[in-house]
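Q: With the hints as constraints, model all of the structure from the sequences given.
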Amino acid sequence: MTTDIQQQQPAARRIGYRFNLVGLLGLSVILFWAFIAIFAPLLIPYPVGEIVDFDYFGPMSAQFWMGSDYLGRDIFSRILMGARYTVGISLAAVSIACVTGVVLGMVAAVAGGWTDSLLSRFLDALHSIPSKLFGLVVVAAVGSSIPVLILTLSVVYIPGAYRFARALAVNVNAMDFITVARIRGENVFYLIGSEILPNILGPVLADLGLRFVFIVLLLSGLSFLGLGVQPPYADWGALVRENIGGLPFGAPAVIFPSIAIASLTISVNLLIDNLPQKIRDRSA
Numbered sequence: 274m275t276t277d278i279q280q281q282q283p284a285a286r287r288i289g290y291r292f293n294l295v296g297l298l299g300l301s302v303i304l305f306w307a308f309i310a311i312f313a314p315l316l317i318p319y320p321v322g323e324i325v326d327f328d329y330f331g332p333m334s335a336q337f338w339m340g341s342d343y344l345g346r347d348i349f350s351r352i353l354m355g356a357r358y359t360v361g362i363s364l365a366a367v368s369i370a371c372v373t374g375v376v377l378g379m380v381a382a383v384a385g386g387w388t389d390s391l392l393s394r395f396l397d398a399l400h401s402i403p404s405k406l407f408g409l410v411v412v413a414a415v416g417s418s419i420p421v422l423i424l425t426l427s428v429v430y431i432p433g434a435y436r437f438a439r440a441l442a443v444n445v446n447a448m449d450f451i452t453v454a455r456i457r458g459e460n461v462f463y464l465i466g467s468e469i470l471p472n473i474l475g476p477v478l479a480d481l482g483l484r485f486v487f488i489v490l491l492l493s494g495l496s497f498l499g500l501g502v503q504p505p506y507a508d509w510g511a512l513v514r515e516n517i518g519g520l521p522f523g524a525p526a527v528i529f530p531s532i533a534i535a536s537l538t539i540s541v542n543l544l545i546d547n548l549p550q551k552i553r554d555r556s557a
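Okay, so the sequence shown: first residue is 274 according to the numbering used here, each after it adds one.
Hints were generated in silico from the structure; no laboratory data involved.
Some hints could be false.
Label-pair distances were calculated between CB atoms; the ranges are [to be verified]:
(1) 499 with 447: 43 to 51 angstroms
(2) 456 with 415: 46 to 54 angstroms
(3) 419 with 452: 44 to 52 angstroms
(4) 505 with 444: 46 to 54 angstroms
(5) 452 with 297: 36 to 44 angstroms
(6) 474 with 397: 18 to 26 angstroms
(7) 444 with 536: 32 to 40 angstroms
(8) 335 with 368: 37 to 45 angstroms
(9) 522 with 467: 55 to 63 angstroms
(10) 471 with 532: 32 to 40 angstroms
(11) 521 with 471: 49 to 57 angstroms
(12) 320 with 418: 18 to 26 angstroms
(13) 447 with 505: 48 to 56 angstroms
(14) 372 with 517: 30 to 38 angstroms
Heads up, the beta-carbon is just placed ideally off N, CA and C, and yes, glycines get one too.
A: Below, the structure is given as structure tokens:
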């Protein structure tokens with residue numbers, strides 16, 4: 274009996290690091306789009322700006338797998354290249370937003386006092402501005418370029434990442450092992466890097482995934498309004514806007530970019546909801 278229990282415990286620990294079937298499905302779709310984003314220039318059958326079909330909003334065929342757009346360009350090639358902008362811009366923006374927000378949140382939780390109050394009030398004021406309105410104003414005023422889009426999207430989501438990380442860090446900061454570390458004379462950098470961050474990393478990673486979804490949707494919204502990636506290049510939101518005239522005809526050129534956006538965002542949510550228990554809960 275004892276031997277059976279000992280054999281089952283390592284198996285249970287190993288299973289804790291495994292994704293279930295739904296999580297694996299989400300991860301597979303994410304990796305697929307990441308692969309497309311990296312190798313898109315090698316995979317596209319036609320240049321993204323080249324008119325290759327005399328029929329606008331052309332149907333799917335052996336030559337044009339996803340039809341053609343409103344100018345007769347190959348929509349399959351444009352979706353592949355659009356993945357570079359949608360995934361690349363969103364990943365860069367969420368990385369900046371989460372790293373900045375998490376670092377500031379942990380600093381505020383550990384330092385406390387006026388540092389906490391100053392950071393919290395400033396970022397709360399920034400968070401009170403509607404994200405789409407802020408993005409529209411900044412991009413319309415400064416101009417639409419990839420660096421501007423990345424910085425704008427990251428600034429929009431820094432306050433949320435800060436508040437989430439600060440709430441987690443405040444709870445960890447009140448625990449006994451933090452008190453012991455302070456008594457030992459450890460500095461703020463040690464407390465943040467060695468004591469607090471490892472204990473909030475799981476929820477922070479889940480929050481990063483959710484914010485990635487929000488940024489993809491915000492970027493697509495800005496592009497749909499004409500303030501995203503500019504022609505002849507386009508992300509998925511811009512592809513929907515360009516081909517919205519084909520919607521009454523059920524044109525593939527407007528359907529497939531929408532499916533691409535949905536597949537990426539839903540897959541990220543599925544992955545987050547089905548993370549291994551060892552990642553979600555360090556006490557498991």
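Q: Each hint needs a verdict: does it hold in this structure or not?
A: Do the hints match the structure? See the list:
no.	hint	verdict
1	499 with 447: 43 to 51 angstroms	holds (48 angstroms)
2	456 with 415: 46 to 54 angstroms	holds (49 angstroms)
3	419 with 452: 44 to 52 angstroms	holds (46 angstroms)
4	505 with 444: 46 to 54 angstroms	holds (50 angstroms)
5	452 with 297: 36 to 44 angstroms	holds (41 angstroms)
6	474 with 397: 18 to 26 angstroms	holds (25 angstroms)
7	444 with 536: 32 to 40 angstroms	holds (36 angstroms)
8	335 with 368: 37 to 45 angstroms	holds (40 angstroms)
9	522 with 467: 55 to 63 angstroms	holds (60 angstroms)
10	471 with 532: 32 to 40 angstroms	holds (39 angstroms)
11	521 with 471: 49 to 57 angstroms	holds (54 angstroms)
12	320 with 418: 18 to 26 angstroms	holds (22 angstroms)
13	447 with 505: 48 to 56 angstroms	holds (55 angstroms)
14	372 with 517: 30 to 38 angstroms	holds (36 angstroms)
Every hint, counting from the list given before, is met by this structure.
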